[in-house]
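J.: Please model the complete structure; the sequences and the hints are all you need to start from.
Chains as they are written, first to last, in the UniProt record's numbering: chain A, 1 to 231; chain B, 1 to 231.
Treat the hints with caution; some may be incorrect.
Since copy identity is lost for identical chains, a pair holds within one copy or between any two.
[What the hints assert, rightly or not] With a cut-off of at most 30 Å between alpha-carbon atoms, the simulated DSSO-like pairs for lysine-lysine come out as follows:
(1) 206 <-> 132
(2) 221 <-> 185
(3) 95 <-> 206
(4) 27 <-> 225
It should be emphasised that the hints constitute simulated quantities derived from the structure, not laboratory data.
Protein chains: 2
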Amino acid sequence: MISVLIVGDGNVANHLYNAFTKIGDLKVTKINSRRLENIPTADITILAVSDDAIAEVSKNIQNNFVVHTSGACNMNELKNKKQKGVFYMLQTISKNKSINFSVVPFCLEADNDNDYLLLEKLANLLGNRIYKIDSNQRKKLHVAAVFVNNFTNYMYTIGNEICDKNNIPFEILYPLIEETSNKIKSLSPNEAQTGPAVRHDEQTIKNHLNLLDKNQQEIYKLLTKSIQNGA
Amino acid sequence: MISVLIVGDGNVANHLYNAFTKIGDLKVTKINSRRLENIPTADITILAVSDDAIAEVSKNIQNNFVVHTSGACNMNELKNKKQKGVFYMLQTISKNKSINFSVVPFCLEADNDNDYLLLEKLANLLGNRIYKIDSNQRKKLHVAAVFVNNFTNYMYTIGNEICDKNNIPFEILYPLIEETSNKIKSLSPNEAQTGPAVRHDEQTIKNHLNLLDKNQQEIYKLLTKSIQNGA
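T.: Here is the structure:
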């Protein structure tokens, strides 16, 4: 039986704790990172704390194997004395929305093979999409995630703004948004690119720019130029 | 029984024709827009031709009620003498991919109520998401679609490039992409916005910029600035 200690009280800490408690083959404890007086021992200590707190909190932990859950931080930002690792779940995690762990990609890293296998065993109790990702790859993956998640969401925001301003229900765009995100599973995004930019349809581009506010125009122009240069 | 004539030979013309032929309560014919010598009469004549060809082709049609299928064109770009209308399907339509018409939004417009009701009846034979959208709204909707479809797909392209360059399988981002597109059905995109930009996490933003090429940096900076100004 693996013993796990979760340190933290945010969304990741709470969702992980709830998921682990439902698994029989596991002993799980959770503590708040501000109360580190009596730290229980565990096979794996998971720091699910903010990026800024990883160094400081890890310094105070004597347990053998300590991992963090951050996409942006190097494994070596952990300052514990013994083995280190990373247990990063590549998903957008919200407080009040349950997580379907069976589709969550677990990005794992560890100092040595034994620790890696232990992390893999733990991840396998929750899901089945497991990837060996080192610190260098992980920081690249994190910035890729900003584009496909944060910036994509901002494209939706602009679409929503345009709809609201013209008394069009935003839900009219849901099927298009869904199809766009599905399409890339059968075609690469580069192959799936459509629209006036890639067609070099300069008249439509001009018409579109006339309908937009200054900020939207700036984004439209830059993305059109980039699509045309890349295509 | 409604009679429909489709003029055109592109993706929209062919998908529509195939769908209509499966419906019993409909008489459907299709002709190529380059062979307009003998035009069959029909209750509804659907011009599924390129935007540039709408004026020229419609000029040659004597049938009573002529509609086009374009998101970008005004209804009045039709140059037939009698009634006009628009039958615009807001979806990305590919040659070799079948269309689930039950989720396609049909954006309809017509000169008069009777013709509108006829278009609505026709759309109802294929699907059930029917919206009354006038020419002014439709051109705004079309540019909104560029953001949520074309530009979003380009965000996926950048994510894919970053993965390829770092030997990370792009499929690792599929669950995040899917969750991002689903989330806006329960939260508005503005409420759903996460990431370093909206958190004003300047250190992570700086780290991310160091990992990107010049074009990616330019896009990252502009979108970060826009998210921060809007939030």
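J.: Each hint should be assessed against the structure and marked as holding or not.
T.: Now for the hints, and whether the structure bears them out:
Only between protomers do residue 206 and residue 132 lie at most 30 Å apart by alpha-carbon distance; the minimum there is 26 Å, versus 46 Å within a single protomer. Taking CA atoms no more than 30 Å apart as the test, residue 221 paired with residue 185 passes in both settings, with 28 Å inside one copy and 28 Å between copies. In this assembly of identical chains, the alpha carbons of residue 95 and residue 206 lie at most 30 Å apart only when taken from different copies (27 Å versus 43 Å within one copy). For the identical chains of this complex, residue 27 and residue 225 are neighbours neither inside a copy (54 Å) nor across copies (45 Å), given an alpha-carbon limit of 30 Å.
Comparing the model with each earlier hint shows a violation of hint 4 alone; every other hint is respected.
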